[in-house]
Each structure stands twice: as C-alpha cells, then as structure tokens.
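> Residue strings, one per chain:
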Amino acid sequence: MALFKKKKNPEQNMDKIELEENITADNFTEKPGDFEYAQTNKSIHDTKFQTKPTTFMKDAMKRFAKNKSSVTAAGILAVIILMAIIVPVADRNNIEVAQPDLSYLPPKWFDNANGFMDGTGYVSDCIIDPDTGKIAQKLDKDLKKTDTYYYMEDAIISDKTITERTTDILTDEVKVYGRGGYFNFAAGRYLDKDGNLSRRIVASPEFTYDVSDDLSFDADYGIEEMKGLSGVPSLRPVVIAYFTSNAEIIPLDDFAVPEAGIVLENTITDKIISTPRYVSEGAPATFKARIGFEINNDDTKNLDPNGDVQRFPQLLIEKITANSITGAMDVSKIGFNDATTMLAASDGSTWKVYSNGSTEVYKSKMTYASFRYDYYGAAFGEHIRAVAESDFRAWVEGKGWGTYEFKSHPESGEYYGDDIGVLVLNEAGKEYCPIRSVISEKYVYSKLLKTEIRTLNCVVSSYRQLYQEGIIATNAPQKYIFGTNNNGWDFFKIVFSGLLVSLGLGVLSMIINLTIGLIYGSLAGYFGGWVDIILERFTEILGGMPWIVMMTLIIILIGKSNFWVFLLALCITGWMGVAGLTRSQFYRFKGREYVLASRTLGASDARLIFRHILPNGIGTIVTSCAFMIPSVIFSEATISYLLPGAISMEVTTFGVTLSTAQASISSHPYMIISASIVMMLIMISFNLFGNGLRDAFNPSLKGADE
Amino acid sequence: MWKYVLKRVVLIFITTFIILSLTYILLQFMPVVSPRGQVAAQLAYWDEQVRLGYYLKVNAGVAAQYAEKIVIVDTNDPNRTTYYYVAVPALIRYFNWLKNIFTEWNWGTSTAIVVGKSAMEIEAMRLPVSMRLNVISIIISVPAGLSLGILAALKKNTWIDSLISTVIMVFISIPSFVLISFMLIWFSYQTGWLPTFWPSEAMAAAYPVRAFKAYIIPVASLCFGSIASFTRYTRAELTEVMSSEFLLLARTKGLTKSQTIVRHAMRNSMVPIVPMIISEFIGILSGSMVLEQLYQIPGVGSLFVSALNSQDYGVLMADMAVYTLIGLAATLVVDLSYGIVDPRIRMGASK
Numbered sequence: 012m013a014l015f016k017k018k019k020n021p022e023q024n025m026d027k028i029e030l031e032e033n034i035t036a037d038n039f040t041e042k043p044g045d046f047e048y049a050q051t052n053k054s055i056h057d058t059k060f061q062t063k064p065t066t067f068m069k070d071a072m073k074r075f076a077k078n079k080s081s082v083t084a085a086g087i088l089a090v091i092i093l094m095a096i097i098v099p100v101a102d103r104n105n106i107e108v109a110q111p112d113l114s115y116l117p118p119k120w121f122d123n124a125n126g127f128m129d130g131t132g133y134v135s136d137c138i139i140d141p142d143t144g145k146i147a148q149k150l151d152k153d154l155k156k157t158d159t160y161y162y163m164e165d166a167i168i169s170d171k172t173i174t175e176r177t178t179d180i181l182t183d184e185v186k187v188y189g190r191g192g193y194f195n196f197a198a199g200r201y202l203d204k205d206g207n208l209s210r211r212i213v214a215s216p217e218f219t220y221d222v223s224d225d226l227s228f229d230a231d232y233g234i235e236e237m238k239g240l241s242g243v244p245s246l247r248p249v250v251i252a253y254f255t256s257n258a259e260i261i262p263l264d265d266f267a268v269p270e271a272g273i274v275l276e277n278t279i280t281d282k283i284i285s286t287p288r289y290v291s292e293g294a295p296a297t298f299k300a301r302i303g304f305e306i307n308n309d310d311t312k313n314l315d316p317n318g319d320v321q322r323f324p325q326l327l328i329e330k331i332t333a334n335s336i337t338g339a340m341d342v343s344k345i346g347f348n349d350a351t352t353m354l355a356a357s358d359g360s361t362w363k364v365y366s367n368g369s370t371e372v373y374k375s376k377m378t379y380a381s382f383r384y385d386y387y388g389a390a391f392g393e394h395i396r397a398v399a400e401s402d403f404r405a406w407v408e409g410k411g412w413g414t415y416e417f418k419s420h421p422e423s424g425e426y427y428g429d430d431i432g433v434l435v436l437n438e439a440g441k442e443y444c445p446i447r448s449v450i451s452e453k454y455v456y457s458k459l460l461k462t463e464i465r466t467l468n469c470v471v472s473s474y475r476q477l478y479q480e481g482i483i484a485t486n487a488p489q490k491y492i493f494g495t496n497n498n499g500w501d502f503f504k505i506v507f508s509g510l511l512v513s514l515g516l517g518v519l520s521m522i523i524n525l526t527i528g529l530i531y532g533s534l535a536g537y538f539g540g541w542v543d544i545i546l547e548r549f550t551e552i553l554g555g556m557p558w559i560v561m562m563t564l565i566i567i568l569i570g571k572s573n574f575w576v577f578l579l580a581l582c583i584t585g586w587m588g589v590a591g592l593t594r595s596q597f598y599r600f601k602g603r604e605y606v607l608a609s610r611t612l613g614a615s616d617a618r619l620i621f622r623h624i625l626p627n628g629i630g631t632i633v634t635s636c637a638f639m640i641p642s643v644i645f646s647e648a649t650i651s652y653l654l655p656g657a658i659s660m661e662v663t664t665f666g667v668t669l670s671t672a673q674a675s676i677s678s679h680p681y682m683i684i685s686a687s688i689v690m691m692l693i694m695i696s697f698n699l700f701g702n703g704l705r706d707a708f709n710p711s712l713k714g715a716d717e
Numbered sequence: 146m147w148k149y150v151l152k153r154v155v156l157i158f159i160t161t162f163i164i165l166s167l168t169y170i171l172l173q174f175m176p177v178v179s180p181r182g183q184v185a186a187q188l189a190y191w192d193e194q195v196r197l198g199y200y201l202k203v204n205a206g207v208a209a210q211y212a213e214k215i216v217i218v219d220t221n222d223p224n225r226t227t228y229y230y231v232a233v234p235a236l237i238r239y240f241n242w243l244k245n246i247f248t249e250w251n252w253g254t255s256t257a258i259v260v261g262k263s264a265m266e267i268e269a270m271r272l273p274v275s276m277r278l279n280v281i282s283i284i285i286s287v288p289a290g291l292s293l294g295i296l297a298a299l300k301k302n303t304w305i306d307s308l309i310s311t312v313i314m315v316f317i318s319i320p321s322f323v324l325i326s327f328m329l330i331w332f333s334y335q336t337g338w339l340p341t342f343w344p345s346e347a348m349a350a351a352y353p354v355r356a357f358k359a360y361i362i363p364v365a366s367l368c369f370g371s372i373a374s375f376t377r378y379t380r381a382e383l384t385e386v387m388s389s390e391f392l393l394l395a396r397t398k399g400l401t402k403s404q405t406i407v408r409h410a411m412r413n414s415m416v417p418i419v420p421m422i423i424s425e426f427i428g429i430l431s432g433s434m435v436l437e438q439l440y441q442i443p444g445v446g447s448l449f450v451s452a453l454n455s456q457d458y459g460v461l462m463a464d465m466a467v468y469t470l471i472g473l474a475a476t477l478v479v480d481l482s483y484g485i486v487d488p489r490i491r492m493g494a495s496k
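Each protein sequence line maps, in turn, to chains W and S. Using my numbering, you'd call the opening residue of the first sequence number 12 and step up by one each time. Using my numbering, you'd call the opening residue of the second sequence number 146 and step up by one each time.
It cannot be assumed that every hint is accurate.
Here are the in silico distance ranges between beta carbons for each label pair [claimed, not checked]:
hint : chain 1 : residue 1 : chain 2 : residue 2 : range
1    : S       : A347      : W       : L150      : 27 to 37 angstroms
2    : S       : W250      : W       : D179      : 47 to 57 angstroms
3    : W       : V82       : S       : I317      : 12 to 22 angstroms
4    : W       : A356      : S       : N204      : 33 to 43 angstroms
5    : S       : G182      : W       : T159      : 37 to 47 angstroms
6    : W       : R599      : S       : F174      : 33 to 43 angstroms
7    : W       : D170      : S       : N302      : 54 to 64 angstroms
Hint data in this document are derived by calculation from the structure and do not stem from the laboratory. Note that the Cβ used here is the ideal one computed from N, Cα and C, for glycine as well.
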C-alpha cells in the first residue's frame with residue numbers, strides 16, 4: 012500500500028506545477044503554509060505484506076501438492092529410490108558366491124498358503140529311476156548317477172502321480188532311466204547319382220564266428236511304415252564278416268554283398284530268422300564277424316521335390332536272442348532284451364547303423380512323477396548328509412556348541428544306534444549348530460587324503476549351515492519375496508542393486524546433460540545468428556545417428572563397458588534435448604522488454620543470461636529433467652537387453668538383470684514378472700511425477716497431452 | 146513451396162551422407178572380422194575386398210611390418226600357404242567405399258548374417274516381414290486409437306474418460322519388452338495358445354494356422370503403443386477444440402451437437418493427427434528392434450541388432466542407411482503434411 016501512495020504523490024505535485032505555470036525555479040520562494048507534511052503523526056516506511064511472500068518455486072510446489080496422482084507417484088518413487096539405496100546394504104543375503112542348492116527358488120511370501128506364493132510349486136514329469144522307484148539322480152558327464160537328486164524325496168508334500176510315457180529321442184536321461192522300446196532303423200531314402208537307393212545296414216557288435224558252428228537267431232521286430240508304404244519292403248539279413256587272416260579289414264559296405272561273407276536265409280518269416288546257410292569260399296575256420304540286416308525300399312518311384320524317396324519303411328527290433336547251436340561261439344553280446352539299455356551301453360555291445368544312418372530308439376518307456384514340491388523345505392530343511400570328522404569337530408567342538416563321543420574304529424563296518432555316541436547340544440548349539448543328530452559312523456577311504464577318514468551320517472539343518480557359511484542373512488529359513496536366480500541369489504536384492512546402478516546412471520547423466528545442454532542451448536539461443544546455425548547443424552548430425560549405434564560404437568571403441576563408459580555413452584547424445592529446450596526458451600525470452608531494459612542499464616551478457624532469461628525458462632527445463640531419468644533407465648535397459656553380445660557389462664545394471672531374467676522366461680517366469688513390475692512402477696511413477704511437475708511449472712500447459 | 150521441398154530433400158541427402166560417412170569412419174576403428182565359413186569362402190571375400198580397394202594382398206615380409214589391421218588366412222592345403230591382407234588407410238578406404246556405392250551400388254558383403262550375400266540384398270530380403278507387421282498394426286491401431294480418443298474427449302471427466310486415460314498412461318509407461326514378455330508368459334508359455342516364436346517360412350507353409358497365430362503377439366505389441374499415443378493426442382486435441390469459441394458459435398447458429406463435432410471439431414483436431422498417421426506409414430519400412438529380437442522375427446530391426454552383435458559391418462551400414470533415410474524422410478513428410486492438412490500453415494515461409 013505504501014508503494015501505491017508514493018507513486019501517486021509525485022503525480023499530484025506535477026499537476027500542481029503544471030497549473031501554476033508562472034512559477035519557475037528562479038522566482039520561486041517558499042512561503043510558510045505552501046507545504047505541509049502529510050501524516051505528521053506517522054512514520055512513513057514500507058509496511059509489511061499482509062500476504063505471505065511467495066516465489067515461483069514455492070508457487071509451483073503448491074500447485075504440485077494439489078495434484079493427487081503426482082504426489083502419489085512421487086511417494087512411490089521415493090519408496091523405490093529409498094529401497095534401491097537401502098536394500099543392497101540392509102539385505103545381507105550373499106550374492107557373490109554361487110549356491111546351487113538355493114537356485115531357482117520361487118517367490119515365497121506366506122507360509123502354508125496352499126500354493127499361492129508359499130514357495131511350493133507343482134512339479135510335473137520328474138523322472139523316476141525304474142530301478143529304485145524313487146526320484147532319479149542327476150547324471151554326470153559319463154552318465155554316472157551322482158549324489159544329487161532332481162528333487163528331494165522328503166520335500167514332496169503330496170502324493171506322487173506316476174505316468175509312463177514313451178520317447179523316441181535318446182537323451183542322456185533316456186539312456187540311463189529309459190527302458191524297453193525298440194531299436195529303430197529306417198530304409199534308405201536318398202538316391203545316389205546312379206538313381207539307386209543308398210544301402211542301409213544295421214549290424215551287431217563284433218563276435219568271433221566259427222564256421223563249424225551254427226547260429227540260431229531270433230528277433231522280435233515290427234515294421235513301421237512312414238507316410239504309408241505301398242508294397243512290402245524287403246528285409247535281408249546278412250552276416251557281415253571280417254576275415255582277419257590277411258590282416259585286412261574290408262569295409263562293411265563291401266561285406267554286405269553275399270560273396271564276401273555269409274548270407275542268412277533270404278526270407279523273413281514272422282519272427283525267426285533262421286541259421287546261416289552259406290559261407291563264402293576261402294573263409295577261414297574262425298573269423299571276426301558282425302551279424303546284421305539290410306533293409307531295402309522297393310518303393311523308389313514316388314519321389315518328393317528334393318528327389319528323395321517319399322515313403323520308406325522302418326525296422327523296429329524289440330529284442331534279439333542269438334544262440335550258438337553247438338556252443339562253440341560266444342554270442343552273448345549279440346542279443347539284447349532291452350533296446351534302450353542296449354543303445355545306451357558304452358561297452359561296445361551296441362548295434363549300429365552303417366551307411367549314413369544313426370542309431371535311434373523308438374518308444375522307449377520313461378516313468379515320470381508329478382507332485383507338489385516344497386522348494387524352501389528342500390533348500391532350508393533338515394536332510395541326512397555325510398559329514399567328515401574334521402568338519403563335524405569344527406562345528407560341534409570348535410564353536411563349543413556341544414559334545415560328542417566317537418566310537419567307531421577303522422577295521423569295523425558301519426556303527427549304528429547304541430554303538431555310537433549321542434550328540435548333546437547346549438543352548439547356543441540348539442540355536443545355531445547345523446548338525447542336529449548323528450545316525451551312523453563309519454570309515455570311508457578318501458582319495459584326496461589317501462587314507463581312511465571317519466565319516467558321520469548326520470541330520471544336517473540346511474538353513475543353519477547356510478547361515479554359518481554367510482550365505483543367508485538370518486538364522487532362519489528365508490523367504491525370498493522375488494525368488495532366487497540360477498546362482499541361488501536373492502533376486503530382490505539383485506533387482507534393487509541393479510536399480511541403484513541404473514538410478515545412479517540416470518541421475519549422473521541428468522546432471523551432465525543438464526550442464527552441457529544448458530550451456531550449449533544458452534549459447535545457441537542467446538547469441539543466435541551464425542553461432543546458432545553452426546551449433547544447430549552439429550546437433551542435427553549427432554542427433555541423426557541412431558543412438559543405439561552411437562552407444563555401441565563408443566562401448567566397442569573403448570573396449571570395455573564399466574559404469575563410466577556407459578555413462579559417457581548415455582551422455583554423448585543425451586544433452587541435445589536439454590540444449591534444444593534451452594535454446595527455444597532463450598528465443599522466447601530474449602526479446603522481452605525486461606531483458607531490453609536490463610541491457611540498456613548496461614547489464615553484461617552473463618547477467619542477462621543467468622539473472623533474467625534462465626530463471627524464466629527453468630520450469631520447462633526442470634520438467635524435462637524429471638523425464639530424463641526414466642528415459643535413461645529405459646535406454647540402458649533396452650541396450651543391455653538388445654546387445655548382450657556387444658556390451659558385456661562389468662556392472663550389473665537393471666537392464667542386465669531384466670535381460671538375464673528374460674532368458675529364463677519359459678522355465679522360471681517369476682523373475683521377469685517381478686522385475687517387470689518394478690520397471691513398470693518406476694516408469695508410470697516417473698511419468699505421472701513429470702506430468703505433475705510440468706503442470707506445476709507451466710499451469711497453462713495443464714493437461715496438454717494427457 | 147517446391148523450392149522449400151527441394152531444399153529439404155537436398156538437406157536430407159547431405160545429412161544422411163554426413164551421418165553415414167561418420168559412421169563408416171568410426172567403424173573402421175573396430176577390430177577386423179573375418180567372414181565365417183570355409184577357407185575358400187574367406188579367401189574369396191578378402192580378394193573381393195582387394196578388388197574393391199579396401200585391402201592389399203601382401204607377402205609375409207611386408208605383413209610383418211604391420212601389427213594391426215592385418216588379416217591372416219591360413220589354408221589347409223598341403224603347402225599350408227598363408228595369405229596376408231593389409232588394410233589401406235581408413236580415409237582411402239572411405240573414398241573407395243563411396244566410389245563403390247556410387248559406381249556399382251556395392252554396400253559391402255555380409256560376413257556373418259548370410260555369408261557372402263550382398264548387404265542390400267539381405268536388407269531387401271528382410272523388409273517384407275517388417276512391412277507386413279507394420280501395415281497390419283496401422284490398419285488396427287489408427288481407427289482404434291482415433292475412436293478411443295474421440296470417445297474419451299466426448300465423455301470428458303466421466304468414468305469412461307478416466308478409465309481410458311489410466312489405461313493409456315499405463316501402456317505408454319510400460320517398456321515394450323516388458324509388455325511382450327508378459328504376453329509371451331501368459332499366452333505362449335503358460336496357456337500354450339500362441340506360438341513362442343516366429344515360425345520359419347517352411348513351418349508357416351506347413352502349418353498355416355500356427356503362422357496366423359504367430360501374428361497376434363507382434364501385432365498386439367506394435368498396436369498397444371501406437372493406439373496409446375493416438376488416443377492421447379486425439380483426446381487432447383479434441384478437448385482443446387471443443388472448448389474453442391468457433392464451436393460455441395456453431396452451436397448458437399443452430400447446429401446440433403453431433404453436427405458441430407463432426408463438421409467443426411473433428412476436422413480441426415485432425416491437423417496434428419494426420420501428420421502422425423502419415424509418419425506411421427513412412428515407419429512401416431523400419432522394424433521394431435526389441436519386438437523382432439524377442440520374437441525372433443527375421444525383419445530389418447532384428448537384422449540391425451544381429452549385425453551389431455555379430456560385427457557384420459557391411460550389413461550394419463546398409464541397414465543404417467535405410468533407417469536414417471526413413472527417419473529423415475518421415476520428418477520431412479510430417480512437416481509438409483501440416484501444410485496440406487491445414488492451408489494456414491506454410492512450411493518454410495519467411496516472416
């Protein structure tokens with residue numbers, strides 16, 4: 012109000028002066044009463060504003076606070092960012108050492124929730140070992156059964172539904188756990204250059220043929236037609252022989268012709284393939300031989316567009332019995348009862364297909380079980396394990412958790428029950444000791460130490476052991492709310508550790524982009540003219556290159572991809588948006604009257620830029636910064652996802668986490684689901700937050716593109 | 146007008162030229178990659194490089210002087226002959242590259258994607274799939290986006306509007322790979338309704354139903370994004386026009402509400418939307434990298450990614466040329482279409 016009065020008074024004086032024109036400075040003399048003080052009873056000075064003074068920022072904050080969705084989004088964002096900072100530190104689950112026992116645990120939120128997020132899962136078709144009727148053991152490289160099982164029998168929490176199915180593919184599991192089925196081999200289907208079918212011979216393991224003896228040969232076989240066969244295929248059993256007298260091994264193909272070896276009867280009845288009748292002349296009394304079949308395809312007229320025979324029969328042999336009539340020949344290797352076992356055998360007793368073919372199995376029987384499985388019970392529960400004496404002592408005596416008296420002796424066998432001591436645990440031991448009780452003691456030869464060492468079969472509590480080894484955070488069965496990954500690492504921690512790196516990238520690149528963009532845009536916008544033209548062409552060219560190429564080029568050129576290289580790659584084109592925005596803001600404000608006024612008063616360029624123009628345009632620029640962080644996270648995620656080959660990141664960002672989770676989408680979808688939900692929350696919150704900021708800073712734009 | 150168009154077209158070619166030149170020169174600093182495959186094919190490739198003027202065939206003595214940018218091809222023949230190729234300086238390679246493009250349209254030979262095939266041929270081979278997907282998605286998304294936007298604008302501040310706006314917000318915020326992952330989990334892996342990857346041509350011919358089903362996830366993922374942005378813009382534009390004075394005038398003249406909307410509001414709100422639709426049509430030539438990579442679609446987008454991952458620089462350059470041209474052409478066409486849709490806007494006009 013005071014301001015108003017002051018302004019008015021001089022105007023009134025001016026009027027007076029104009030009216031009394033005859034009074035000039037020269038003839039003016041002051042008489043008493045000409046002037047008198049107005050408001051002599053008051054001291055005149057600025058009075059305080061009745062309203063609270065406000066700034067542009069405070070005003071914007073007030074408008075922002077009114078926008079409910081944006082405030083909610085800001086709250087969610089704050090929570091996520093806080094979690095990204097806190098979780099990697101507070102969650103002390105180990106994510107450095109691979110822990111196969113904990114791998115791929117599904118998310119667990121509740122106990123006993125009947126299948127909903129309770130860490131259990133329905134396992135369908137787990138292989139059953141036909142010998143024991145229990146869950147099969149995993150196999151090592153030599154197809155030997157190992158100590159680990161596909162699933163633990165004691166963590167199965169429902170009845171097993173047993174199904175039997177057949178398979179035609181001889182995988183490692185089928186080789187060991189498959190039974191029965193047929194040995195399958197197909198007639199040739201490719202024509203050679205003369206138009207003849209390639210010959211297909213299947214032959215037994217090698218045995219010593221005695222000419223004085225006779226062989227009776229019995230095969231259970233069937234013929235399966237492929238694509239409907241017209242006519243009956245001809246099946247020709249042959250003996251393929253090696254004459255070893257001249258130390259020359261003649262190729263099998265050549266030996267299939269009758270003159271060179273022995274031909275079995277050239278007809279097949281329903282079941283029995285009879286004894287050989289013909290021995291070629293000049294054969295020695297004994298020679299190494301194989302017995303086999305040649306299967307022919309009579310239907311060579313119908314060809315497919317590739318020039319191959321369309322229809323061809325397959326010979327399926329279930330079992331073969333071979334008998335030596337006089338007993339002079341050892342033919343035990345020829346026969347087999349179980350086609351799958353025969354094919355899987357590695358001791359040379361396998362029948363093989365010669366002339367470009369492979370051994371195949373047909374309808375091998377596999378037994379599977381389906382059941383509900385408690386993954387967390389298996390990972391953290393109590394299991395019987397063998398513990399070496401040194402380890403046992405380290406736990407029980409080393410930590411002072413209890414006492415135990417060893418009783419077994421090297422020369423005797425296994426000790427049970429009353430023959431062994433009783434493990435007595437004290438209070439701390441009951442809480443922390445991984446070994447709960449001892450079942451038996453015995454001496455086992457250690458290959459490493461080359462001596463017999465005492466080994467105890469103990470009930471071991473897995474979660475206590477994992478806690479003592481520093482793998483899990485607390486001395487209790489864990490609940491991983493996002494599950495675990497292939498290494499058995501807490502995915503919750505991985506997601507938020509990655510997010511921290513990505514947020515760091517986002518914030519740092521925002522700061523850098525803002526700095527460069529502001530300077531660049533100010534220069535272009537403020538000075539205009541040829542400076543603007545040159546700077547604009549530069550950004551146009553840099554911006555015209557696909558950003559994904561730019562980023563990849565930088566990462567490949569520098570040769571490694573740590574945090575800083577990635578930051579550089581994100582910043583090299585990222586500042587252009589801010590620069591463009593700043594430039595347009597400068598164009599908008601630099602012609603305004605207050606700028607002109609300030610310039611007339613002699614303000615320097617720097618003062619004009621930083622005191623007058625920039626503060627006016629800052630609202631728009633701040634808004635664009637809010638959108639910049641999610642776009643950096645998004646770019647980073649996309650590039651880590653798209654180009655895992657070109658960019659093998661040395662740090663785990665959120666994008667890397669997403670991309671590895673995506674790789675196991677079919678087998679373990681819970682990881683990509685949880686990571687995606689976090690990503691979605693961040694993106695939606697940032698967008699709502701940014702919209703709120705924009706509305707707050709530029710009320711005129713409200714709802715412009717919602 | 147024509148002068149302006151001509152100026153812009155010339156500028157597009159100049160910008161493309163500079164971008165490609167820069168990329169080419171930058172790529173020359175990358176490690177040399179020999180084509181995959183047999184020794185004979187490798188020798189043929191390098192001899193072709195010599196013919197095109199990028200490399201020189203030298204003997205062992207000369208080769209020993211060069212530590213880098215040298216290619217050694219060991220043959221397995223009885224003499225075990227070794228061939229050495231040394232790169233000529235990058236700038237000369239660059240000029241030879243320009244010469245080869247302008248004289249014989251030779252963009253290089255693929256070293257990894259389809260070994261020995263010319264890069265532009267591969268590009269042409271990959272285009273149809275991407276184009277087909279894009280066309281289908283435009284046919285669906287333009288009408289859907291426009292009608293949803295109009296619906297939201299007409300029912301402004303009702304539950305329909307808030308529902309549409311919320312859903313649009315969610316779809317704009319979700320990264321495409323997240324969306325595709327969810328669709329893959331639910332519709333392919335969990336329920337088995339849809340295939341989990343794009344069938345090959347032979348498979349598509351054998352199982353037409355499966356081939357048809359394979360379109361659903363890619364088209365849906367392409368549609369969601371563009372439907373969301375169309376709806377958003379249509380709603381924003383239409384609400385702005387609806388509150389303008391000339392619409393009030395039309396109502397006071399005695400037009401019914403539907404007449405004002407169709408004749409006045411819609412036409413005016415289409416001004417910024419038609420260029421968007423036109424730019425979508427230009428964009429059918431480019432493929433979505435994320436989608437094509439995720440769903441194993443053999444289009445131009447996945448070509449770019451696999452070329453980058455397998456360091457097939459010839460194909461990369463050809464793909465980039467196409468992408469850059471499409472991008473710049475799209476901006477030009479959008480700028481021009483403003484003038485066509487709304488005669489008041491004259492692009493490039495001086496004050």
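> All hints are to be evaluated individually against the structure, with a verdict given for each.
Hints, one by one, checked against the model:
| no. | hint | result |
| --- | --- | --- |
| 1 | A347(S) / L150(W): 27 to 37 angstroms | holds, 35 angstroms |
| 2 | W250(S) / D179(W): 47 to 57 angstroms | holds, 50 angstroms |
| 3 | V82(W) / I317(S): 12 to 22 angstroms | holds, 20 angstroms |
| 4 | A356(W) / N204(S): 33 to 43 angstroms | violated, 55 angstroms |
| 5 | G182(S) / T159(W): 37 to 47 angstroms | holds, 41 angstroms |
| 6 | R599(W) / F174(S): 33 to 43 angstroms | holds, 41 angstroms |
| 7 | D170(W) / N302(S): 54 to 64 angstroms | holds, 57 angstroms |
Comparing the model with each earlier hint shows a violation of hint 4 alone; every other hint is respected.
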